[in-house]
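Student: Each chain, letter by letter, is given below.
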Amino acid sequence: MTTEAYRDEADDATTPVADPRPTAAPHWSVADGVLDGNAPTGDPHTAWDRRRTDYRLVNPANRPKLTVIVVGTGLAGAGAAAALGELGYNVECFTFHDAPRRAHSVAAQGGINAARGRKVDGDSLSRFVIDTLKGGDFRAREADVLRLAEESVRVIDHLQAIGAPFAREYGGQLATRSFGGVQVSRTYYTRGQTGQQLQVAASQALLRQVARGTVNLHTRTEMLDLIVADGRAQGIITRDLVTGHVQAWGAHAVVLATGGYGSVFFHSTLAVNSNATATWRAHRRGALFASPSFVQFHPTALPVSSRWQSKTVLMSESLRNDGWIWVPMTPGDERHPNDIPEPERDYYLERRYPAYGNLTPRDIASRAARAEIVAGRGVGPLKNSVYLDFRDALNRLGRTVIAARYGNLFDMYRDVTGEDPYRQPMRIAPGAHFTMGGLWSDYDQMTSIPGLFVGGEAGNNYHGANRLGANSLLSACVDGWFTLPYSVPNWLAVLVGTPPLSPDAPEATVALEQVRRRSEQLIGNPGSQRPTQFHRRLGEILYAGCGVSRSEASLRRAVEQVWDLRVEFWADVRVGGSGAQLNQELERAWRVADFLELAELMVIDALDRTESCGAHFREEYAWPDGEARRNDDDWLSVSAWESTADGFVRHSEPLDFGLVPLQVRDYR
Amino acid sequence: MRIELEIWRQDGPGDQGRFERHVVDDATPEMSLLELLDRLNDQIAEVGGAPVQFESDCREGACGACGVTVDGVPHGPVANTPSCRQHLRAFGAVTTLRIEPLRSAAFPVIRDLVVDRRSLDRVIEAGGHVDIATGTAPDADSLLVTTDDAELALDFAACIGCGACVAACPNGAAHLFAGAKLAHLALIPHGKLERDRRARAVGERLEEEFGPCSSYGACVEVCPAGIPLSAVAAVHRERLLGVLKPKRR
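Those protein sequence lines, which keep their order, are chains A and B. My numbering puts the first sequence at residues 9 to 676. My numbering puts the second sequence at residues 268 to 516.
The set of hints was computed from the structure by calculation and includes no laboratory data. For glycine and all other residues, C-beta sits at the position ideal for the given N, C-alpha and C. Each hint should be verified, as a subset may be incorrect.
Stated by the list, open to error - Far from chain B, by Cβ distances over 12 Å, these chain A residues were calculated: (1) H35; (2) R185; (3) R359; (4) F665; (5) L670.
As the list claims (entries may be wrong) - Derived list of chain B stretches under chain A, where covered just means 3 residues or more per stretch with a C-beta under 8 Å from a C-beta of chain A: (6) 281–290; (7) 389–400.
So that you can see chain A by itself, here it is in the shape it has in the complex (with noise of 0.2 Å):
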């Protein structure tokens, strides 16, 4: 690795604009001391209760002098925006979208958790919590995973009120269903469009803001940098996708939702609009980033099968609980599936994880599918997948019971490849889905900046090294209904009585000036590659070097690859139209330039990280029957990086476990 310095181009506002193209290779070192989560102290169970109660108010008179800037609408855009409207701020909402139900939340499938225990199968506070801490191989932040136990309770109450039907037994309570890594039912559910209905019902509810006017909503206009003033965020940069205007707007507080970076990827279940752009450019204006590489790859994920294909279709996990994945027993088996007898098959997730079978958690079901199709079992044209089997369940429910629980997905299989999975096995295979990485934040949800918080997948502290299903609609309804209401008012409270930044202000015209340089760069720029060629050319890059598994060579070789990349992107990309209309080709050109920057982070992280973790698998670290061997002495922590001028640098959060004793992740 080189030690030349790295170029930055987040230079303070005040300097002159950088060329954002690189100069010299990326390094990395270590920062001293150690960061503050700012957790409570004390007895863990209150501490919620004893946070809440210790944030200051603002009087309801001087909320509407108050502005906030929302970055995003899905569930903890949409919610954080409705409730602070709601409580009388004036909330500045944004999205790229034509509409806020547009938000990826929208697609997720299987269900969200709560805490509820309400059934007799052992589930409680403690042991969600145990779940969450135990499936993130203990990589999150135990305050955090606490708060978000406590408020699942009411935050399926108010869901439902707001117009989610979920789904229901007969006498007419909630019905609930297990997910991966967990041994109880407690995933609220509708159909297999969980998402949908709750990211309906949200925006709903942030439209109802929009009615009644206390929230701005700001469609098809995408944040393109954070405005950073006395060492405070104070504001974004926008640009309207429709006409092309760039403005900059003033505010007291700003919250990124803006999703999570899966995308980079290239192949990956999110939306093909998702992107890091917001989090990153708030990254570079001195947000730190926590833990890039933790990337998780889901399991049931239908395997790429076209050079055409645009993305990689995600099935709901809950698929597991009544389809069962096998492979066949000999490698290179060309025969129909249906052909293949019983004893022919390898159920090899039952037959390695007795305990949890086919409810393993992601990272190890994803893991041992790969295991399986590196070992020339995989199954299809090529050989990338493997079965998931409804034979069993159809024989013994019958076609209505299946259709009635997976009747969508179903058809979506259906639609996708051609084949009827009632008649034969679905062919699934692990793909980049949930990013358990972002931007860094402290128990309040508030980034390295002051006055800049983070909710839903953009932040970093629930998941730890591995999201357990149903977890991260959770995580993004707690955060914007239940968590920033009560702390960004706590923020506010100290700047009543103060105008917020003006948009003339030199930090805004500066950011504004330099988002403008950087447009007219790219579609200036004399190449001849559309943004998109680079970004699957990325994302073959990350998927081999820092994908289901890495390893040292694998992510050195992906550290040049990347910033060879990156050069070539500056010196080829083609964006050509203008910039004073709607452009996609510039849309898509920004957004992979930040992925390009981004992956060299990603790549560094899962380098510097000399353990196995989750979703983060490095070869190297390993007990001998092959799963991943955790390094509590030396990693115990959160990685939280910081571009600087002589490149990357990484704060370390410690974390302890106080509540749940720390144990060598087994599901068998």
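Let chain A serve as the given structure and place chain B on it in line with the hints.
Tutor: Same frame as chain A, now just chain B:
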């Protein structure tokens, strides 16, 4: 597969627009309609042209962002399937396709195949929501909802807000979209309380921005969520219920 495409090109809202002819020689049966457009755009970019602007996001049929008109049919030839889930293998021996935006007076064209569907959200703003303040909800288990009601609510709630129903309607009505919302909210405990006001507000907004419903049923044939025609009836029924209540705002 060789496919000849006639694609609608329009530089901006003020531009008259025109069809442009293109040929994709290497289309494959497993391609989705949108992947065909991706491929076309690569081809256009290779010769220095401006790629066709079109919308899509989740590409799984959930977000409702995509929606183009194929040979006159919103979303394309496979009934009740969104554009992103239309695959060439299902089109038969097709060699030509004419692709244009969702057409409706309520959806002005922004550029090429991208239209402005904010009129749908204005219907929701008018009343397509439940009035409940954050933190005040009772225990969700204390309000019993029968499985049948929950499932029926879900049938209506499945709408993805793509607007194909409006584009398919000869009158440009949004009754399927609005009715699905009214029916869904009328079936759940909290939504029931204000259903008369909601129906009135939503009905008024429909009249302001969309055409009248003549029960053609064209909407149902294209709806990717399979919303039943009874949603249309819900608009009338819910408004009628509202008539019986005193008018107060």
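Student: Please go over all the hints and tell whether each is borne out by the structure.
Tutor: Right, here's what the structure says about each hint:
Against the 12 Å criterion, A:H35 stays outside the reach of chain B, whose nearest CB is about 35 Å from its own CB. The claim that A:R185 lies off the interface holds: its Cβ sits roughly 14 Å from the closest Cβ of chain B, which is beyond the 12 Å cut-off. A cut-off of 12 Å between C-beta atoms confirms that A:R359 is not in contact with chain B; the least separation is 32 Å. Chain B leaves A:F665 outside its interface by the beta-carbon criterion, the shortest separation being 30 Å against a cut-off of 12 Å.
The claim that A:L670 is not at the interface with chain B holds, since no C-beta of that chain comes within 12 Å of its own (minimum 35 Å). For the stretch 281–290 of chain B, the assignment as covered by chain A is violated, since 0 residues bring a beta-carbon within under 8 Å of that chain's beta-carbons and 3 are needed. Check result for the stretch 389–400 of chain B against chain A: holds, 9 residues qualifying (beta carbon to beta carbon below 8 Å, three or more required).
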